[in-house]
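Peer 1: First to last, the sequence lines map onto chains P, B and V. Residue 31 is where the first sequence starts when you use my numbering, and the numbers rise one by one after that. Residue 31 is where the second sequence starts when you use my numbering, and the numbers rise one by one after that. Residue 31 is where the third sequence starts when you use my numbering, and the numbers rise one by one after that.
FYI, nobody ran anything at the bench for these hints, they're computed from the structure. Incorrect hints may appear among the rest.
[To be verified] Chain B regions said to be covered by chain P (calculated; three or more residues, Cβ under 8 Å):
#1 61-67
#2 210-221
[As the list claims (entries may be wrong)] Computed Cβ-Cβ distance ranges for the label pairs, DEER-style:
#3 Gly93(V) - Leu144(B): 33 to 39 Å
#4 Leu46(B) - Ser106(V): 47 to 53 Å
#5 Ala199(P) - Leu46(B): 20 to 26 Å
Ideal Cβ positions, reconstructed from N, Cα and C, are used throughout, including at glycine.
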Amino acid sequence: DTSMKLKKHIEKAATLWFADRTGRQDFALSTGGGRVVGHSQLTPFVARGDGPLMSAVSFLRSGVHPKSDEWMLTPSMEQPGDCLALHGSYGYVDVRLRQPVKVDAVTLEHTNSLNAYDMHSAPRDIQIFGWYAHGNNCKHSKPPKSLIAMGNYTYHTAGDSVQSFEVSAPHTVDHVRLIVKNNHGHARWTCIYRFRVHGIPSS
Amino acid sequence: DTSMKLKKHIEKAATLWFADRTGRQDFALSTGGGRVVGHSQLTPFVARGDGPLMSAVSFLRSGVHPKSDEWMLTPSMEQPGDCLALHGSYGYVDVRLRQPVKVDAVTLEHTNSLNAYDMHSAPRDIQIFGWYAHGNNCKHSKPPKSLIAMGNYTYHTAGDSVQSFEVSAPHTVDHVRLIVKNNHGHARWTCIYRFRVHGIPSS
Amino acid sequence: DTSMKLKKHIEKAATLWFADRTGRQDFALSTGGGRVVGHSQLTPFVARGDGPLMSAVSFLRSGVHPKSDEWMLTPSMEQPGDCLALHGSYGYVDVRLRQPVKVDAVTLEHTNSLNAYDMHSAPRDIQIFGWYAHGNNCKHSKPPKSLIAMGNYTYHTAGDSVQSFEVSAPHTVDHVRLIVKNNHGHARWTCIYRFRVHGIPSS
Ligand SMILES: [K+]
Ligand SMILES: [K+]
Ligand SMILES: [K+]
Chain P
31 DTSMKLKKHI
41 EKAATLWFAD
51 RTGRQDFALS
61 TGGGRVVGHS
71 QLTPFVARGD
81 GPLMSAVSFL
91 RSGVHPKSDE
101 WMLTPSMEQP
111 GDCLALHGSY
121 GYVDVRLRQP
131 VKVDAVTLEH
141 TNSLNAYDMH
151 SAPRDIQIFG
161 WYAHGNNCKH
171 SKPPKSLIAM
181 GNYTYHTAGD
191 SVQSFEVSAP
201 HTVDHVRLIV
211 KNNHGHARWT
221 CIYRFRVHGI
231 PSS
Chain B
31 DTSMKLKKHI
41 EKAATLWFAD
51 RTGRQDFALS
61 TGGGRVVGHS
71 QLTPFVARGD
81 GPLMSAVSFL
91 RSGVHPKSDE
101 WMLTPSMEQP
111 GDCLALHGSY
121 GYVDVRLRQP
131 VKVDAVTLEH
141 TNSLNAYDMH
151 SAPRDIQIFG
161 WYAHGNNCKH
171 SKPPKSLIAM
181 GNYTYHTAGD
191 SVQSFEVSAP
201 HTVDHVRLIV
211 KNNHGHARWT
221 CIYRFRVHGI
231 PSS
Chain V
31 DTSMKLKKHI
41 EKAATLWFAD
51 RTGRQDFALS
61 TGGGRVVGHS
71 QLTPFVARGD
81 GPLMSAVSFL
91 RSGVHPKSDE
101 WMLTPSMEQP
111 GDCLALHGSY
121 GYVDVRLRQP
131 VKVDAVTLEH
141 TNSLNAYDMH
151 SAPRDIQIFG
161 WYAHGNNCKH
171 SKPPKSLIAM
181 GNYTYHTAGD
191 SVQSFEVSAP
201 HTVDHVRLIV
211 KNNHGHARWT
221 CIYRFRVHGI
231 PSS
């Protein structure tokens, strides 16, 4: 009846919030061992005040900004400005997973539209690729020439800030590339607040 | 009907939680560019153990404690002790906003009364002022002699930990002063856990 | 009636979430002054990548890892890997409370089972002891030979991630020992994500 349905609604909402909002394991999570191993150029104007410093530090870690894992693979309140900010309206990020996983979904999170100063910097059309480095854990190894395509998706700024995309044909990989093909209209930067990778660990 | 009303209650509660609890933009937010640029004297006994260190570091940044932005302009769990602690039962804090804003409300947050060891350190009567420095972004610039009055408000310890106060006659400013006229009875310090500034960005 | 009951469910869920999930004061909280003052050996493999470093830093602080307070006495999203990881399937942690407290409950939190990579590392059977050092705040003081027994409890991996255990015969203490007698099956380490101590402060 109605009462039971509503009670389930409450419980479901609470359960998901308490479970990182997706209720799923995240194999890209920094505290679990996930790492950003490559990305396109970052904007030097991520947040007022630390532009010049960030610009200087950037690219010291073989091209990977030292705060990348904290920005996009670590849970936080995801308030405006707390993101990895790619230069321009498109770009990519490569993530090494904590272990090989048969990837069945990814989740992209932007700051909440109610709090955002501007939603134009949110990714719009994205593409997911993956590859398997067979235990090569070198942080700065190059991806192979041929990557496994895992789907095209669209992040909608009118929706919930946390949006999951199911992969129709799961493959086992230990690296995932997130390609942002375009954003919601910001000419200078594109912000990635959090990226999660879900699936079944390969045994 | 009842079922729809309750469903809306659930959704509203979840939406606000996911949106920094206010569902509004915060122009004082540290990751957005907000900065504490002045404050009255801090207590040297903010938390057991880091009293002496804090006391030493304090006032090195032209009188602004280096952790001020983290303490009161950054979202956190806002657990007891994680605050900017003014010396005595009254004082003030000056905040530079990320950009000029027609301020229509401010929000003061104290730690939750259920978790607090003592609610006496909460601000009680507050006054909000503002000024417009016309793009002078110098961190330690002095406020002008005449400030714009934006209202008198009272924070109630019996209410929700997050309390918003509407400004009846909005003005466009880029700095806001929070004056704590008195607190809820603590003689030695007054804690500010988070301060948010809302409004319409001036174009 | 039904409508009122459900509304109370919603309010209760929201209230607890906003109040550190327990709605109680936590006298072990790091920002309140709680400190880890001793623990059994930690695993050197807490998280991929920082194993060797942690191993080296460990035991510099008279046997207390410098990140202990952050790991288990500080609120966070409690995502997988963000824990104090004891070596093996059993061990203990000693915590100095912010002040003497008549302890009436403790709370043990593990990462959410929906997000966890593996729940085997969760504590199972635990024992709580306490002692009163009479204001001796020395960080590395030894506990007395005879401790006050405060109960035996079991953490269930099928339950909520936050589990509180009531102490049937409260005693006033300023230190608490959490003994993990065994875990849920992990042979190499046991993870403690957060430990809270509740009660009535002694006046
Ligand atoms: K982030
Ligand atoms: K705070
Ligand atoms: K933790």
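Peer 1: Now tell me if each hint is right for this structure.
Peer 2: Results of checking the hints against the structure:
Only residues whose beta carbon comes within less than 8 Å of a beta carbon in chain P count, and the region 61-67 of chain B has 4; three or more means the coverage holds. Residues of the region 210-221 of chain B lying with their CB closer than 8 Å to a CB of chain P number 0, which falls below the three-residue condition for coverage. Taken as a hint, the range 33 to 39 Å holds for the pair Gly93(V) and Leu144(B), whose Cβ atoms sit roughly 35 Å apart. At about 22 Å, the CB distance of Leu46(B) to Ser106(V) disagrees with the hint of 47 to 53 Å.
For Ala199(P) and Leu46(B), the Cβ-Cβ distance of about 39 Å falls outside the hinted range of 20 to 26 Å, so the restraint is violated.
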